[in-house]
Amino acid sequence: MGNIDDRIAKLGITLPDAQSPVANYVPSVRTGNLIYLSGLGPANRPDGSVPNGKLGQDLNTEQGYEAARLVGVNMLARIKEAVGGDFNKVKRVVKLLSMVNSTADFTDHPQVANGCSDLMTEVFGDNGKHARSAVGMANLPGNIPVEIEVIIEVSD
Amino acid sequence: MGNIDDRIAKLGITLPDAQSPVANYVPSVRTGNLIYLSGLGPANRPDGSVPNGKLGQDLNTEQGYEAARLVGVNMLARIKEAVGGDFNKVKRVVKLLSMVNSTADFTDHPQVANGCSDLMTEVFGDNGKHARSAVGMANLPGNIPVEIEVIIEVSD
Amino acid sequence: MGNIDDRIAKLGITLPDAQSPVANYVPSVRTGNLIYLSGLGPANRPDGSVPNGKLGQDLNTEQGYEAARLVGVNMLARIKEAVGGDFNKVKRVVKLLSMVNSTADFTDHPQVANGCSDLMTEVFGDNGKHARSAVGMANLPGNIPVEIEVIIEVSD
Numbered sequence: 001m002g003n004i005d006d007r008i009a010k011l012g013i014t015l016p017d018a019q020s021p022v023a024n025y026v027p028s029v030r031t032g033n034l035i036y037l038s039g040l041g042p043a044n045r046p047d048g049s050v051p052n053g054k055l056g057q058d059l060n061t062e063q064g065y066e067a068a069r070l071v072g073v074n075m076l077a078r079i080k081e082a083v084g085g086d087f088n089k090v091k092r093v094v095k096l097l098s099m100v101n102s103t104a105d106f107t108d109h110p111q112v113a114n115g116c117s118d119l120m121t122e123v124f125g126d127n128g129k130h131a132r133s134a135v136g137m138a139n140l141p142g143n144i145p146v147e148i149e150v151i152i153e154v155s156d
Numbered sequence: 001m002g003n004i005d006d007r008i009a010k011l012g013i014t015l016p017d018a019q020s021p022v023a024n025y026v027p028s029v030r031t032g033n034l035i036y037l038s039g040l041g042p043a044n045r046p047d048g049s050v051p052n053g054k055l056g057q058d059l060n061t062e063q064g065y066e067a068a069r070l071v072g073v074n075m076l077a078r079i080k081e082a083v084g085g086d087f088n089k090v091k092r093v094v095k096l097l098s099m100v101n102s103t104a105d106f107t108d109h110p111q112v113a114n115g116c117s118d119l120m121t122e123v124f125g126d127n128g129k130h131a132r133s134a135v136g137m138a139n140l141p142g143n144i145p146v147e148i149e150v151i152i153e154v155s156d
Numbered sequence: 001m002g003n004i005d006d007r008i009a010k011l012g013i014t015l016p017d018a019q020s021p022v023a024n025y026v027p028s029v030r031t032g033n034l035i036y037l038s039g040l041g042p043a044n045r046p047d048g049s050v051p052n053g054k055l056g057q058d059l060n061t062e063q064g065y066e067a068a069r070l071v072g073v074n075m076l077a078r079i080k081e082a083v084g085g086d087f088n089k090v091k092r093v094v095k096l097l098s099m100v101n102s103t104a105d106f107t108d109h110p111q112v113a114n115g116c117s118d119l120m121t122e123v124f125g126d127n128g129k130h131a132r133s134a135v136g137m138a139n140l141p142g143n144i145p146v147e148i149e150v151i152i153e154v155s156d
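Protein chains in written order, with this note's numbering: chain B, 1 to 156; chain G, 1 to 156; chain R, 1 to 156.
Worth flagging that the hints you see were computed from the coordinates, not collected in a lab.
Please note that a few of the clues may not be correct.
[Claimed, not checked] To be clear about the criterion: a stretch of chain R counts as covered by chain G if any three or more of its residues have a C-beta under 8 Å from a C-beta of chain G, and this derived list gives those stretches:
# : stretch
1 : 85 to 96
2 : 137 to 147
[Stated by the list, open to error] In the DSS-like style, the derived pairs of lysine-lysine whose C-alpha atoms are separated by at most 27 Å in a straight line are:
#  : chain 1 : residue 1 : chain 2 : residue 2
3  : R       : K129      : B       : K91
4  : R       : K91       : B       : K89
5  : B       : K129      : G       : K91
6  : R       : K89       : G       : K91
7  : G       : K89       : G       : K10
8  : G       : K10       : R       : K89
9  : R       : K10       : G       : K129
10 : B       : K91       : R       : K80
11 : R       : K80       : G       : K129
12 : G       : K80       : B       : K129
13 : G       : K10       : B       : K91
14 : R       : K91       : B       : K80
15 : G       : K129      : B       : K91
16 : B       : K129      : G       : K89
17 : B       : K129      : B       : K89
18 : R       : K91       : R       : K10
In this text, all values refer to a predicted model and were calculated from it rather than measured experimentally.
All C-beta atoms in this analysis are idealised placements derived from N, C-alpha and C, irrespective of residue type, glycine included.
Produce the entire structure from the sequences given, and follow the hints as far as they go.
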């Protein structure tokens, strides 16, 4: 597969520092060979801005795709932290629940969710191909456009 | 338990061909003895039509129940594919997340979700009884009425 | 850690009787060392009343926090039942999906979800710290304000 860190760099992505939750939960929990990550919103763009708002009202599908890709950037940072910095321990991206902040009429959730799914595959190859649901939420914390939770399988 | 394929046939159900996603995700991922299936919408009715729309607006609870049962038909097809065609490998239907396309006022999500839960039990007996959540979404891909994701446990 | 039952009593909490679902699903399913609990709503308050309604419309964030804490009370009752009455078998609260009944404008889902997350930590200490998503739903069964599903890890 080549080196995952190199692959991320070649995609022009700088991983953000992983921030810790400010409440009584944690970024990830490992049980057996599975790691459950807490739901993630978009990382900042390189210029420090970050997408915000509701699909079907504030953002179009293309902008939603970009937001989901930025969730993927946060996800890579969190995954790296969860495996102690060694991406080679990631055996499989198992499952994504891609939750899109949607009006009652917006129906292109899969096209938005692809932003994160594509990045996982660009970075991890076939091991990045996951089971997935992509669905519309009434709203999300801080009015972020997309929140995604992920389960990954790690080697021992 | 008797033969699962026979039981499905006696229910008058013909399993659809399992269609592959057209994006960077897969129908199911196995990790250990668990299989995570991607979220599923309703299968076509025998006449080729398929339920569409929002509960509390376009469809009533009874129509939602039918839609959830048709999701179950798709689920049976996907499960069969995931276990290489041998339903006897299904040890347990572990968990359903039943997501109903709902207006802000619709509150009968469990009665809708029962359409799939009932079918799982009719087909798999006690092994089909699962943990479940049934909740209301702002919308779903393509305005489908119900999307359900499932985790199943398989024997080695 | 001290005795979990004592800790619950010191918090002034009386666990409700765990009620069985009236449909074709079950309160919890164990697979390996994981137990998946069905989605839970709030327990009754000591006076028999129970919070109901939508955040951003019927209830404010503080009232939502109380409702999520009451979901946690139900969760403790269900967990106890699932481990045969012995809380010492709970190794870790792995993952919460905290689903808040929200208007299209409500965005304080984490502050609501903390009601349950705080209780899990008060009762189980560091073993109660979980991965989590906190998100907004179009509606929930019976118009309850919060529904939470949880995965716990148990020792053999």
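Structure-based check of each hint:
Residues of the stretch 85 to 96 of chain R with a Cβ under 8 Å from some Cβ of chain G number 0, which does not satisfy the need for three, so the listed coverage is violated. A count of 8 residues in the stretch 137 to 147 of chain R with a Cβ less than 8 Å from any Cβ of chain G is obtained; the coverage claim is therefore met, three being the minimum. Proposed proximity of K129 of chain R and K91 of chain B is supported: the alpha carbons are some 25 Å apart, at most 27 Å. Of the pairs offered as hints, the one joining K91 of chain R and K89 of chain B holds, with about 24 Å between alpha carbons and a cut-off of 27 Å not exceeded.
Of the supplied pair hints, the one linking K129 of chain B and K91 of chain G holds, its CA atoms being roughly 25 Å apart against a limit of 27 Å. A C-alpha spacing of about 24 Å is found between K89 of chain R and K91 of chain G, which places the hinted pair at or below 27 Å, so the restraint holds. The straight-line distance between the Cα atoms of K89 of chain G and K10 of chain G is roughly 20 Å, inside the 27 Å bound, and the hint therefore holds. Under the criterion of a C-alpha separation no larger than 27 Å, the hint pairing K10 of chain G with K89 of chain R is inconsistent with the structure, at around 43 Å.
About 36 Å separates the Cα atoms of K10 of chain R and K129 of chain G, which puts this hinted pair outside 27 Å; it is violated. Of the supplied pair hints, the one linking K91 of chain B and K80 of chain R is violated, its CA atoms being roughly 34 Å apart against a limit of 27 Å. Taking the CA atoms of K80 of chain R and K129 of chain G, the gap is near 20 Å; set against the 27 Å cutoff, the hint holds. In summary, the hint linking K80 of chain G to K129 of chain B is supported, as the alpha carbons are separated by about 20 Å, within the 27 Å threshold.
Taking the CA atoms of K10 of chain G and K91 of chain B, the gap is about 41 Å. The hint is violated against a cut of 27 Å. Note on K91 of chain R and K80 of chain B: the hinted pairing holds, with a Cα-Cα distance of about 25 Å set against a maximum of 27 Å. Under the criterion of a C-alpha separation no larger than 27 Å, the hint pairing K129 of chain G with K91 of chain B is inconsistent with the structure, at around 30 Å. Straight-line distance between C-alpha atoms of K129 of chain B and K89 of chain G comes to about 24 Å, which keeps the hinted pair within the 27 Å bound.
Between K129 of chain B and K89 of chain B the CA atoms are separated by roughly 16 Å; this keeps the pair inside 27 Å, and the hint holds. With a C-alpha separation of about 21 Å, the suggested pair K91 of chain R and K10 of chain R falls inside the 27 Å cut-off, and the hint holds.
Checked against the numbered hints given earlier, this structure breaks hints 1, 8, 9, 10, 13 and 15; the rest are met.
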